[in-house]
Amino acid sequence: DGGITQSPKYLFRKEGQNVTLSCEQNLNHDAMYWYRQDPGQGLRLIYYSQIVNDFQKGDIAEGYSVSREKKESFPLTVTSAQKNPTAFYLCASTVTGASNQPQHFGDGTRLSIL
Amino acid sequence: QKEVEQDPGPLSVPEGAIVSLNCTYSNSAFQYFMWYRQYSRKGPELLMYTYSSGNKEDGRFTAQVDKSSKYISLFIRDSQPSDSATYLCAMSRILSGYALNFGKGTSLLVTP
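Residue numbers (the numbering used here), protein chains in the order written: chain L, 461 to 574; chain Z, -7 to 104.
Since the hints were made in silico from the structure, they are not lab data. Possibly wrong hints are sitting among the right ones.
[To be verified] Straight-line distance between alpha carbons at most 16 Å, and here's what the computed EDC-like set of lysine to aspartate or glutamate pairs gives:
#	chain 1	residue 1	chain 2	residue 2
1	Z	K34	L	D490
2	L	K543	L	D498
3	L	K543	L	D490
4	Z	K(-6)	L	E475
5	Z	K59	Z	E(-5)
6	L	K530	L	D490
7	Z	K34	L	E475
Quick caveat: nothing in here was measured; it's all calculated off a predicted structure.
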């Protein structure tokens, strides 16, 4: 059945290492988003993409990179430049157009530092 | 001032009580308003989605939007222990590709 799949559920990063979080959707949604959730801070926007081969920075893009080569996939790379990467990362998607529809979320990836 | 303010709680109520959750916002450009429920270690699950001022009802849930006061509410009737979760308000605007601005979330505990 349709949905958003994030993998892995848990990820550990060593100092100086880049890691990539996967987000795949089979909902035929145009737009995809990455959010970061920290305790007591709510969700904050990292990057978003409304169409293949195009993406925009969100509020906290520093230390992160993304790509959108396929409609169904929007991977997020946490680079070594991100000094405080420990958080819960959530991917979301939605259709776009004249009638805005709400975003639906995956079940997240929890990233920790070794 | 954050664009979306939400009291983090925690809020504890007995089973069967009516729960009222609220958010205020400062940016009048927000057009779409949502309530999500999030269980521990899971992604947010959409509960309610509204566009205009007024009330929207779905089962035990009622969402209320007052754009003139920049205030939104979620009411849960006949609360159940399974309603125990964190409730997130969110709102979006056409700019920023309809990306969501979230409140910090309110932690709710419904005790049997």
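Right, here's what the structure says about each hint:
Between Z:K34 and L:D490, the direct Cα distance comes to roughly 23 Å. Violation of the 16 Å bound is thereby established for this hinted pair. A C-alpha spacing of about 14 Å is found between L:K543 and L:D498, which places the hinted pair at or below 16 Å, so the restraint holds. The hinted pair formed by L:K543 and L:D490 fails the criterion: a straight-line CA distance of about 31 Å is larger than 16 Å. Of the supplied pair hints, the one linking Z:K(-6) and L:E475 is violated, its CA atoms being roughly 32 Å apart against a limit of 16 Å.
This hinted pair checks out: Z:K59 and Z:E(-5) have alpha carbons roughly 14 Å apart, not beyond 16 Å. In summary, the hint linking L:K530 to L:D490 is supported, as the alpha carbons are separated by about 10 Å, within the 16 Å threshold. Between the alpha carbons of Z:K34 and L:E475 the distance comes to roughly 27 Å, so the proposed pair goes past 16 Å and is violated.
Figure legend: structure checked against the earlier numbered hints; hints not met, in rising order: 1, 3, 4, 7.
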